Structure formats: structure tokens, C-alpha cells
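Trainee: Throughout, this note's numbering is defined as the position within the sequence shown, counted from one, plus 4.
Hints should not be assumed to be uniformly reliable.
[Unchecked claim] Here are the simulated DSS-like cross-link-like pairs (lysine-lysine), alpha carbons at most 25 Å apart as the crow flies:
1) Lys59 <-> Lys119
2) Lys143 <-> Lys113
3) Lys119 <-> Lys143
4) Lys119 <-> Lys129
5) Lys129 <-> Lys151
6) Lys129 <-> Lys113
7) Lys59 <-> Lys113
8) Lys151 <-> Lys119
9) Lys129 <-> Lys143
Hints are computed from structural coordinates only; laboratory data are not their basis. These numbers were taken from a predicted model, which means no experiment stands behind them.
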Amino acid sequence: GSGPIFWSENIYYLEGLKNAPENIIYIPGGNDVASRGEAIEDTVLKTGIVVDEIKRIFPETNIYICSFGPSPLRWFLINQFIQGNELLTTLCEENNVNYFAFTTWLFDKHISNGKYYLEGYGSLKLDIWTNDNLHFNEKGYQLITSKFIEYFS
């Protein structure tokens, strides 16, 4: 349940680590927006604070910021997440940070009878979620893992 609020307040715990990580993959706060009611702009702003601190603590580390992703449970936030992804893209460009847009892989590319639809993407895959409609099931994690491996290869 951690997100930009947590990391912007606690990142100093990483100071003093003996070995800097080669890469840090950061997934920003869908939880901050959905559960804490934070504005998407504030979540992205706090993500920028986290990026600045990571760069200060680990100047040689590659940083990868992941896109906000929809889920059936949080579909009502899709427009905020789309706006957030636009803001994250700008943040990454301005800070020379890698942007990993994995959101599109959560959609079938064809129009189907799926319940959740986003024009230009298709229907949200419905068979990749646990019963809570928020977290990935095994199939969902396999999909995301394959995309991470593909991206980082």
C-alpha cells in the first residue's frame, strides 16, 4: 500500500546502503489516489520528489517510472490515471528518467464483450485479476512479468 506519500516521507531510509542498485522500478501511487483521495497532480508531484531523492542518494542508478494502470475495481479513476500518465511522461522527460508504460498491455486490442472499455485500447482484460478486482492473479502477473522482461531485455 505504499506510494509517493510514503516514499517522499521515508526515502531517507535508503541512505547509507553499501551497494547502490543498478535499477529502481517505481510504481506510483494508485493507492494514494484511490484510497487516500489525493489529487493525481499531487501524486505525480510527490513522485518527482522521490525521483529527486533517488538521484541524490543513487546518482548512478537507472530509474524507471511505471504508468498508472487501471483495474476493474478502480475503473472509476481511469480519467485521472490517463491524466496522471501524461504528467508522468512529462516528469520523466524533464528529469531524464525512463517511463515504462505498461498500462496498454492490460487491454485486449479488439473490441469484445468485456465490461471495461477504453477507446483506442479495447476492453480491459478481465481474466487477470483476483476476486478483489484490484490485484493481479497468476495469469496477470505472468503477463506483466513477460512485459517487464521484454522491456528490460
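Trainee: Indicate, hint by hint, whether the structure satisfies it.
Mentor: Evaluation of the provided hints:
no., hint, in the structure
1, Lys59 <-> Lys119, "41 Å, violated"
2, Lys143 <-> Lys113, "17 Å, holds"
3, Lys119 <-> Lys143, "19 Å, holds"
4, Lys119 <-> Lys129, "9 Å, holds"
5, Lys129 <-> Lys151, "15 Å, holds"
6, Lys129 <-> Lys113, "10 Å, holds"
7, Lys59 <-> Lys113, "36 Å, violated"
8, Lys151 <-> Lys119, "24 Å, holds"
9, Lys129 <-> Lys143, "11 Å, holds"
In terms of the numbered hints stated before, the structure departs from hints 1 and 7, listed from lowest to highest.
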